[in-house]
Every structure is written in structure tokens, then in C-alpha cells.
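Asker: Chain by chain, the residues:
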Amino acid sequence: MTRLRRAGLAPERGPLAVAAEGPGGLRLVALDPEARALGLQPGEPLGRVRARIGVPLQVYPADPTADRDALLRLCRWAGGYAPLVAPFGPAEAGDGLYIDVAGASHLRGGEASLVDDLADRLARGHIPARIALADTPGAAFALASHGGVDRIVVPPGGAAEALRGLPVEALRLDPGTVSGLKRLGLRRMGELDALPRGPLARRFGEALLLRLDQALARRPEPLAPLSEAAEYAAARGFLDPIGRQSDIVRTARDLMAEIAPRLERDGLGACALRLALHRVDGVVRALDLGLSRPERHPERVAALVSLRLDRLGSALEAGFGFETVALAVTVTGAMPARQTDLGADASGDGVAVLADALAQRLGRGLLRLEPRASHLPERADRSGPWVAGEGHGSSADKDIGRTRAHRPLPSAEEDAPRRGTSRHEVPHGGGEGAGSGRGHHEARDPSGSGFSFSRPLLKQEPTSPAEGGVRARAFPISVPCSIPWPDHLPPRPLVLFPRGEAACDVLSAVPEGPPRRFRWRAQVHRVAHAEGPERISAEWWCAPGAERDYYRIECEAGHRLWLYRDGPHAPGQPAAWYVHGLFA
Amino acid sequence: MGLDPADETEGAIARGDPRARLAALRMRLAPPAGERDLPPVLPLGVPELDGHLPGGGLVLGPPHEIAPAEPVDGVAALGFALALCARHLAGRPGPALIAAAPGQPLPYGHGLAGLGLDPARLLLLEAGSDAEVFRALEAALHARALTALVGLVRDGLPLKPGRRLQLAAEGSAPPLLLILRPAPAGLPNGAATRWRIAAAPAARDRFGTLDRPRWRARLERCRNGRGGDWLLEWDHAAHRLHLPEPLAGDAAAAGRSRA
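First to last, the protein sequences are chains A and B. Residue numbers for the first sequence, in this note's numbering: 4 to 587. Residue numbers for the second sequence, in this note's numbering: 950 to 1208.
Here chain B stands alone, though its shape is the one from the complex (with noise of 0.2 Å):
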């Protein structure tokens, strides 16, 4: 009987005086670790960055708008969210879902080794609306059999489908949900994060060449955490996102002087 460390534990508490009672009731309530209610993020190991993201990640499961700034850096939006991608899906197995409605780009597939994704791990879906991509992502959610889902919409995230998209992924293991609108397609929503992206100069190796790409990046809006603007460099062998050297902007002006 003695030897069950519950009952030791009653014993003292039984013993104690009512403060040191009441904080060990506390502490054998509290769970074990203290992470249990905390979702799953994807940390974008740029920690002045996951500083202002609740959970130090972008949280998996609801949706994350990402915006081009203009309508001509559509194109370094789609590479920020399928960076993002690489990098979840770096660590994970399972394939990632691309559903696009008509007239958004698709990626090309000899490029996308240039943002560290493998394209065997890619599937496309050529939705004929944005009503069909939501769909799409929808069931994609409770499927749970991907890891991370990238829907391209043509007028934006509203805020029905966005809700049932968030319902969606309610649950265990969810996957990381990124949904890419055009600049002009702002609604209100219930996206966790909204982020704009614009083209920067990329970073220069030291011969002077375009190495890789980078990107500034604005926290538009941030559910329980704090906007802000970086200039971000996406590693696509180390699969990771840092903020560009001190000494990066001499070479790329270097390079530029040379050019």
C-alpha cells in the first residue's frame, strides 16, 4: 500500500497547511506538460519573426491568407506560400495539394526545385470555381491524408467558406492550410494570419549571381499576435527562412554596381 506514490501524495497533502494544499491540488489538476491545449504550429525558424506569431508558428489547421502587395508580385506570393510549404513538408511525409481556380497560375514543374519542393509530392487540382476549390480543400480536411493544402481563389477567402474551412480542420494532426487571392480580392474573413508579399532584390552569391530569392513580407493582420514587416530569404537546401545578412545588401548593391 505505501509503496503507490498517490497515496504518499495524499498524505502530504492531507498533511500540509491549506496553502501548500491548494497549490499541489493545483498542480495535479494542471496537465502534464502544459502543451496540451496548444495547437501544432509550423515555426519559420526566424525566431524575430515566430515572436509575433501565437505559438511561435504559424498555427496548422486554419486558414493563412497570403496576398500579393501589388498585382504584379503574384508571383512571389505563390513562391512564399509554396516555400512554405517546402518547409513543412521538408520534415513530414505525405503529399501537399495545389487547387486553383481558373486563371490563377499554376507552377511549373522544373521550377520548383528552385523553392526546394519536390514535385513527385505535388498534386494539382484544376477547380472550375472558387466554390469548388473551398470544396475541394474541405474535403481535402477531413481526409486528413495531406499534409498541407494550398487553394488559389480568384475573388478571395469569404468569410462562410472561411469559417468551414476552420471547422474542417478541427481535430488531430491537422495540415497547414494556405489560401492565395489576388491583391484586389480583400474580405473580411476569419484567416488566422493575413500576409502581403511583395519582390525584393534577390541575394547575390559571391560571384555576383542571383542565389535566392527574397521576398518582403508584411503581417497584415495576426489572430492573438502582432503585425509587422521583415524582409525575408528563403534557403530552399536548408528548407528555412532567415532575414537577410547585414553584410547581403553591400553584395547585392555590389553586384548591381558591377552589372
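Bound-form chain A, shown alone (with noise of 0.2 Å):
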């Protein structure tokens, strides 16, 4: 609702309503106020609604693809606050996000003033939020959607206090377990946990004491965020926005020339970078540049990023200016300290260099041709990515399967409301609430690395794959097993068709043998010459397919041509021929 409204698509004031396809007809999903004050109900099949009330309603399809979208984009403004941002899972009906302020609240003057803050700044963008802080994402949650206050922050160790008297639906249960409940009397929270555990345990099962312990930070809950935040970026900010490609380059190299200290102390380089360029208005501009091989050197980052400005050219949309630019390694790989001598074999990195270059400036990568194990010769090879340091011996391979990556933000430009800088919290419910998990909980934690449980289960995902640079190539499982190239083969054609061409009017002396004339491509080729077959059949755990005779033929004009007949010679069927490739 909020979205469409933000986006003009439905006007700004009247009751509205959003409907989807629902048990028996469209029913309402969600309101606006001046519905809701009609007495109208999310669920209500909408044919019934308009048969009840005498108001015109305006109504209008739910699209969750976009109200997704939109969630997205207000988690990655969001990230200005604090850089964990979760958006809430189906679990929590998707209608909000997390924000982990651990550690970022004092920025923003303390929690409070830091929920005032985003309260203002929401309210200044035309989204209505409820806003809750404290020590858990169950309890912010809780407290965001059934606290019925705008913002709350809960102290330190007060969430059990101030959950006691919220209803049980806040534990984001299933509705069977909520309905149990209620059918035993027990509609508080506070009522829940003075029971024993064993008896609720059994009667309906563990997730409603994981959720309750959860809310109560008697059990860690990790949280899927967004974006890893980067070990390595640099950001800097302008008091007048930049806009011209030199200024940006120039930055560029400047948080590089910041970055590269970090990065040679623990004796990596970066893989992969991104490049945000917050625009005055709020959007940002997220530009990956993926590199063949660890690099850390500020004027190369400078030149990468330079070939990539001049290729967006005027589709990088400056408008006003960028008030801020900041640079994150996303991947990193090992690059150890080498010994550079003069006139040494440098032919490799001048490739990668190349191939960089080429990525950028045209969006382009290099390829290379690899051997495939199959008989069929049009599955024989393929292209695939140049990586730098295979095929010559060069010694980077080593590093490439140890390069780590940190889940790349999706580099979707955003439109935020505003630009904002740094806080945490949960806008809630299609535009109407919010709640917001703090982590004082990380701050108890021993190890003293905030969310660090969350960590392995990033781990586990494959990187998301990040548009424009960014390679997969950087986990192990992707790098394919490279087979040398046959030699022992028959003499194969310069070019092959990915599919055979059929010939037609084939002639041939023998019934079985090579044909004498044929027409292909409009035109008759008199065979001169002809050597085979050579049999070529798919593998057995393929599908059975048919046998192909390979015939080498010369014409008379001297074209070489490479020719198959499909299948084996059958008396009384005409036999099917095709022209497979041609020889130099």
C-alpha cells in the first residue's frame, strides 16, 4: 500500500485496499487506516466487503514480487544505520526488517535518539513504521507487532518484563499452535512462561519454546542478513557531490590507497570490488568489478574503474552528484608477497591485466577453449572463462581456490527515501509497523564478535551470483576439473556446426558408402575424394541415440568438408546426410 502510494500509483487519500487471490475469490490483504476504520478486516473476501459498506473502495492487485522489491530497497537504505540489515522472512509475514544496532547506536547519540531518528526520517519518506528495540529480534519483533505503541526501546534485560503482557501471536507461531493455546487458556506470554517446560514441549512441540526462548534471549537467533558487512572498504564523504568520472576515479583510488595497507598486512588482495555511489537523492549505484587475480594496487582499481565510467558512460546518471562513494572488497583471494625481478616473465599478469581491462571496458570476459569427455564431437568442447594463471604454468592457481567471499549486496540500484547514514530498526506490516532487534544480546556474547553464529550459515550458501564482474569462480567447487586435450583423434575440422547442416540429392555410388554429389547450402559439391567412416557414437549412459558414419570429403573445388550420415545403412530408406563441419 505504502509502495503504491509512494510510487503515485494510488492516490492519497480514501479508503483503499489491496486483494489477492484467496479460498474463494479474492480477499483483502491489507488496509489503510481509513479502511480499516470502516471495519473492515485483512481476509474479508472482497465481494462481501463491497456488498456491506456504501463507500467506494478502491482496490488494487497485491504484487509480492514487488512489495519484496521494495522491502529490499528500504533494508539497503537501512544499512546506513548499522550494517547488519535483515529483512523479515515468511515467518514474520515480510512485512518488515531487522536491524542490528549493536555497537552502531552511540553514532546516532544512544538508542533512543537513534529510534527518534528513524522514526523521522520514515515519517519524512512517507512510510508509516512502528519502531521497537531491544535485546532480541523475537522481543523487537513482539513488541513492533502487538506492542501497540510507535517506538519503544526496551532496555537492557527488560524484554521479559515488557513481553509479559503481549499475546501469544507475537512468538511468530503457526496459527494451529496459536489457536492450541488459546483453547487452553493461555493468550499472554507472560502466562506461557510460568508454565513447565516439559508438558508445552510435548503438547506442541519445540518450536514454540525455541521462539519463546528466542524472544527471551535464552537461545541465540541468527540472522540472515542482507550483506555481510566487508572486512575491507573505505568510504568518504563530500560536502559537495561529486559528479565528474575523474573526481570519482580519483576517489576511487584514494580508498584503495586506504584499503591496500589493511590488505597487505594479512597478505591478501581483492578479487572482486564494489564500488557504491550514493546519489544526493538516495539512490545508489553499485558497480561490480571482478578481477582475474588478487590485486591491490590503487591505480589499477583506478584504471579498472575508469574503462568501467567510460562504458556506462551516460547511463551511470550523475544527476546532482555523489555525496558519497565507498569501496568494499567483496572477495578476497591470498596474495602472498612475491619476488619481482627485472626481465622477469611478466606475460601472465599482462594478460590479466588485459582481461580486466577487457571486462570492464566492454563487459566482456576472455574465454578459452576446453577439452570435454564425450565421443560427440560437438559436446568435445566448449568456452569457458579464462582464469588467470591456468594453462601456462604461471603460479596463481594455487591462490584461486582459497579465495573467500562475502555476500555481495544485490547491486540493484535503490531508491530510498532518503539517504540516511546509520541506525537499525523494523518498519512493519505493508507500511504500518515496525519492530527492531537490537543486539544487546551479541554483546554478552563471549567471544565478543557480534552475530558470529550467523557466520557459518553464509558460509554455506554459494555467493550469490553478483551481477556485472563478479565471478563465481572463486569457490573450489566451481573450478572445473581440466582434462588434457586427446591426441590420439582423427583429424577434426577447423570449424564445426553446433548442429549437422542437411545435405540433399545425395548421390551415392555404394548404397552404404560415402555419397559423390550432394547439395548443401544451395549449392552442388562434386566429392573428389572421400575418406571413412569414422563411427562416432554418444555415450552409453546417454540416451540411445543413432550412430553417425564420418566421412572427410573433398570436392573438386577443394573445399574440405566434413560429413555424417545419421544412423546405419538401411536398404528401402533414404539416408539422412549432414555436413557437420568444415576443414581448413
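No lab work stands behind these hints: they were computed from the structure. Note that the Cβ used here is the ideal one computed from N, Cα and C, for glycine as well. Accuracy of the hints is not assured; some may be wrong.
Covered stretches of chain B (chain A as the covering partner; in silico rule of three or more C-beta atoms under 8 Å from a C-beta of chain A) [stated by the list, open to error]:
no.: 1; segment: 1030-1044
no.: 2; segment: 1051-1061
Among chain A residues calculated to face chain B with C-beta under 10 Å, some are [what the hints assert, rightly or not]:
no.: 3; residue: L229
no.: 4; residue: L310
no.: 5; residue: L499
Selected chain A positions facing chain B (Cβ under 7 Å, derived; list incomplete) [what the hints assert, rightly or not]:
no.: 6; residue: V356
no.: 7; residue: L361
no.: 8; residue: R371
no.: 9; residue: A383
no.: 10; residue: G387
no.: 11; residue: W389
no.: 12; residue: W488
no.: 13; residue: L492
no.: 14; residue: G561
Hints are included, so try docking the two chains, each in its own frame, into the full complex.
Answerer: Written as C-alpha cells, this is what we have:
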């Protein structure tokens, strides 16, 4: 609803509802305050509603995908408050977000002023929100969704008190459990918490206790943040926005020079970088730069940024300029110190530089031909991405398996309401409510690393396929095992067609022999010489296909072709002939 | 003092007659080997052919244009270009790059062995247009990291990109640069040479089977050189071109009569 209004698709006033296909026809899924004041409830059938109320009701179709996109945009905007931002999942009805403000609230002058600042900015962006800040995500969600107040800050350790009076629905339970609890007369969380745990677990299962413990900070609840905070990152803000390409490039170089000593200290190089350009009006443009080998030289990074901006040209849409430029290393790779000597063979490096330049300038990567283990000629080779250090015996291979990827943000540009800088919470409820998790429990984590338990979760996931340049090759599992080129094959054509092209009007001297004359591409070819057959069939584990008899053929004009007959010769049936390749 | 050879020459010049002095001075001013100004070339290994080319081979750096004689000879032209690449790569380290415009035929990895080219030393770039091919070739020329460059273009080599490539190729250790274009796309340009390649019946081995590819190569245009027309045979094992021996024609004829 808020999305519709913000996009100017729906009028500012008047009862407004969003309906989606449900059991028994269209049902309401979201209502604005005016519609709510008419006594409408989400879930009512639309037909009955129209019959019941006398006021014209504007109804719009639900679009879950657009809602999700809008929520992700909001999440990215909220990343200005704290690095860890997680959108609500299905358990929370997907209409809000968590911000983990542990260690970030002091930047806004404390938790109370942080919540105020967030609420003000959201209000300015016409996003209704309920904000709660508590020790755990569960508690913050419960207070935001069922607390009944627009902003609330629970002091550390006060979650149990604050949650005592809330209804059990606030625990993110499935509807069956909630109705079961209500049948037993358990309506408040306090009543639930006072009961012995054993019978509860037997009656309702482990999920109930898990949610209760998560809300009361007895068990950790890992969030799945939108992006992991980059370990190596730098940002620079400007009083006057910058818009010229040279300024952006120079800033990128300075930022990389800031990051480089840290990378060097850890023996790492950047394999992929993300340059985020925050425009004055809140849009964030993210440019992903992939490098073919770990790199930490500021000049090289600046050169790549320059090439990318060259390619983008006016598509960058600098508008009124960028007020913040942030550079983050999204994938790192081991880059041990190397001894350089004068006149060393640096051709591998040169090719890597060229590959990166082409990738940024043209947006196309270098390919190399790789053999594949297949008898069928069209499957026996493929072009794979060129990877620095493969093939020419340079020593960079070893580094590749060890690169580490941080999950990069989806690099869509975002139109946040206004560019924010730092804090956390959860606007919630189609634009109505907001809850926010605060990470006091992390501060109590003995290891001292906030949300450290959530990392293994991320590590198991494959890297999100980044658009525009971050290559997925950083993972050992995606590195193809390379087999050598076979050296015992009979001659193969220089150009192979993806599929055989039919040759018609085939005339053979012997029924099962090679053709003497055929027509291909509207031209008659007279065969002067034929060699073969070479019988090729698919592997036994593939779907059984016909065997092919290949012949090398030289026409009288001197052209050499690779022809095959599909299937063995069968008397009485016309043979199907195809041209599959051309020899030099 | 007297041990310094320069002093001795100075003395000899001062003593001789003016004519001898002038000759001696000229000799001193001339570059040591006299070859410093000559650009590096790729000799084709055929004396009859190298004699037509300035410097005794294909000049490295400026673009060479290769076109098929007829549209059906496109693969023959690609084979000739890749054979030149293979010859150039044989003696030098570093990979070769093929930048292809859409619709141009890319080589089949297993077929490269027939030309003596190692597929592992070949990099491919599938460009989106001719302009991208030229841009990629220019970047590769500037990077100086590749040994041979082949551009497969759709609309020929116009004057301006050709000139840009030529400028980018100036400097030390330029790579071999070949531009392959379709038969009808002839444009005036600054290519160093222009070749027309047509397929010709292959050489046979002693059993009458197809052995070495042959092309009819016509040198249409050659800056500072002479044109010519040859039947060339490619020996992929030795990485060299040669003119077919007189007897080879007989073998082919014999094979045809047997077939």
C-alpha cells in the first residue's frame, strides 16, 4: 500500500485496499487506516466487503514481488544505520526488517535518539512504521507487531518484563499452535513462560519453546543479513557532491590506497570490489568490479573504475552528483608477497591486466577452449572463462581455491526515501508497523564478535551471483577439473557447426558408402575424394542415439567438409546426410 | 691515453684525405648493424614469397587483412590466418587472442591440432560488434601481453580503426595482427598486406589420403612490396608453409584417379 502511494500509483486519500486471490475468490490482504476505520478486516472476501460498505473502495491487486523489492530497497537504505540488516522472512509475514544496532547506536547518540531519527526519516519518506528496539530480534518483533505503540526502546535485560503482557501471536508461531494455546486459555506470553516447559514441549512441539527462548534471549537467533559487512572497506563523504568521472576515479584510488595496507598486512588481495555511489537523492549505484587475480594496487583499481565508467557513460546517471563513495572488497584472495626481478616473465600478469580491462570496458570476459570428455564432436569442447594462471604454468592457480567471498549486496540501485547513515529497526506491516531487533545479546556474547553464530549459515550458501563482474569462480567447487586435449583423435574440422546441416540430393555410388554428389547450402558439391567412415556414437549412459558415420570429403573445388550419415545404412530407406564441419 | 680506440680513429680521420675522412665519418654515424630501423617481421619460410614482402616477411604490428576469395572459402582464410598464428607462436611465448564479431566462425578446439596450434594458448573474445573487436584489439596492442592477435570482423577494416590499430602497434615487440573479413567487405584501409585465400585440393600422403591443407594465396596489396599468386601448403608439424613440390600434383591426381 505504501509502495503504491509512494510510486504515485494510488491516490493519497480514500479507503484503499489490496486484494489477492485467496480461498473463494479475491480477499483483502492489506488495508489503509481509512479502510480499517470502516470496519474492514484483512482476509475478508472482496465481494462481501463491497456489498457491506456503502463507500467506494479502491482495490489494487497484490504484487508480492514488488513488495519484496520495495522491502529490499528499504533494507539497503537502512544499511546506513548499521551494517547488519535482515528483511523479515516468511515467519514474520515479510513486511518489515531487522537492524542489528549493537555497537552502532552510539553513532546516533544512543538508542533512543537512534529510534527517533529513524522514525523521523521514515515519516519524512511517508513510510508508516512501528519501531521497537530490544535485546533480541524476537522481542523486538513482538513489541513492534503487537506492542501497540509506535516506538519503544526496551532497556537491556528488560525484555521479559516488556513481553509479559503481549499476546502469544507475537511469538511468530503457526496459526494452529496459536489457536491451541488459546483453547487452553494461554493468551499472554507471561502465562506461557510461567508454565513448566516439559508438558508444553510435548503438547506443542519444540518450535514453541524455541520461539519463546529466542524472544527472551535464552537461545540465540541468527539473522540472515542482506549483506555481510565487508571486512575491507572504506568510504568517503563529500560536502559538495561530485559528478565528474575523474573525481570518482580519484576517490576510488584514494579509497583503495586506504584499504591496501590492511590487505597487505593480512597477505590478501581483492578479487572483486564493489564501488557504491550514493547519489544525493538517495539512490545508490553499485558497480561490481571483478579481477582475474588478487590485486591491491590503487592505480590498477582506479584504471578499472575508469574503464567501467567509460563504458557506462551517461548510463551512470550522476544526476545532481554523488555525496558518498564507498569501496568494499567483496571477495578476497591470498596474495603472498612475491619477489620480482628485472626482466621476469610478466606475460601472465599482462594478460590478467588485459582481461580485467576488457571485462570492464566491454563487459565481456576472455574465454578459452576447454576439452570435455565426450565422444560426440559437438560436445567435446566448450569455451569457458579464462582464469588467470591456468594453462601457462604460472603459479597463480594455488591462490584461486582459497578466495573468500563475502555475500555482496544485490547491486540494484535503490531508491531509498532519503539517504541515511546509520541505525537499525523494523518497519513492519505493509507500511504500518515496525519492530527492531537490537543486539544486546551480542554484547554479552563471550566471544565478543557480534552475531558470530550467523556466519556459518552464510558460508554454506553459494555466493550470490553478482551481476556485472563478480565472478563465481572463487569457489573451489566451480573450478572445472581440466582434462588434457586428446592427441590421438583422427583429423577434426577447423570449424564445427553446432548441429549438422542437412545435405540433400545425395547421390552415392555404393548404398552404404560415401556420397558422390550432394547439395548443401544451395550449391552442388561433387566429391573428388572421400575418407572414412569414422563411426561415432554417444556414450552408453546417454540416451541412445543413432550412430553416425563420418567421412572427410574433398570437393572438386578443393573444399574439405566433414559429412556424416545419421544412423546405419538401411536398405529401402533414404539415408540422412549432414554436413557437420569444415576443414581448413 | 693512446689506448683509447676512439682517439686512434680521431687521429686517422684527421690524417687522411677529405674523401676518406668523409667515408670514415659516415661509417661512424651509421647505426651499428644497419638493421635498427627495420621493423620485426614474421618470415613465412618460403623464399619466393618472402622476397615479395618488405623486410622478408609479414611486418609485426600493423594490421594484415585476410579475405576469402569467395564466400565459401571463409574457412580456408581462417585456416591460413591460424596457420600464420601457429607459425608465429611456435617460437615465442605468450598466448594468442581471437576477437570475433557475432556471426563469425570460431575455431573448434579439436580441429586446431591439424594446424599445429595449441588450443591452450588461444584466448577467445566474443565481441558484440566490429567496433568492440577493434577496441579489444587496440587494448591488447597497448597491453603488449599477447603474441598474436586475430580479429574476425563482419564489415571489413575501415580506415579509421586501421589507423588506430597501427598507432597502437608502434613501439617495441609488437604482436602479429591479422584482420579476417568476409569476401565482399572490402574497404580502403591502411593494412600492410591484403591476402585473398581460396581453398585448393589438399596434398596427399603416399597412401592417397588427405594430408596437408593447401590454399591458393594471392597477395593483392602489399605496401613496399610486390603482389603475387602462390599455391601454399601448410606443414603443421614443422609450422611452416611451403610451395608444393612438383611431384605432389601427380600424387593428388593419382589419388583422384583411384577414388
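Asker: Confirm or reject each hint.
Answerer: Results for each hint:
{"no.": "1", "hint": "1030-1044", "result": "holds (count 5)"}
{"no.": "2", "hint": "1051-1061", "result": "holds (count 8)"}
{"no.": "3", "hint": "L229", "result": "33 Å, violated"}
{"no.": "4", "hint": "L310", "result": "9 Å, holds"}
{"no.": "5", "hint": "L499", "result": "4 Å, holds"}
{"no.": "6", "hint": "V356", "result": "6 Å, holds"}
{"no.": "7", "hint": "L361", "result": "6 Å, holds"}
{"no.": "8", "hint": "R371", "result": "6 Å, holds"}
{"no.": "9", "hint": "A383", "result": "6 Å, holds"}
{"no.": "10", "hint": "G387", "result": "10 Å, violated"}
{"no.": "11", "hint": "W389", "result": "6 Å, holds"}
{"no.": "12", "hint": "W488", "result": "6 Å, holds"}
{"no.": "13", "hint": "L492", "result": "6 Å, holds"}
{"no.": "14", "hint": "G561", "result": "4 Å, holds"}
Violated hints, listed in ascending order, are 3 and 10; each of the other numbered hints is respected by the structure.
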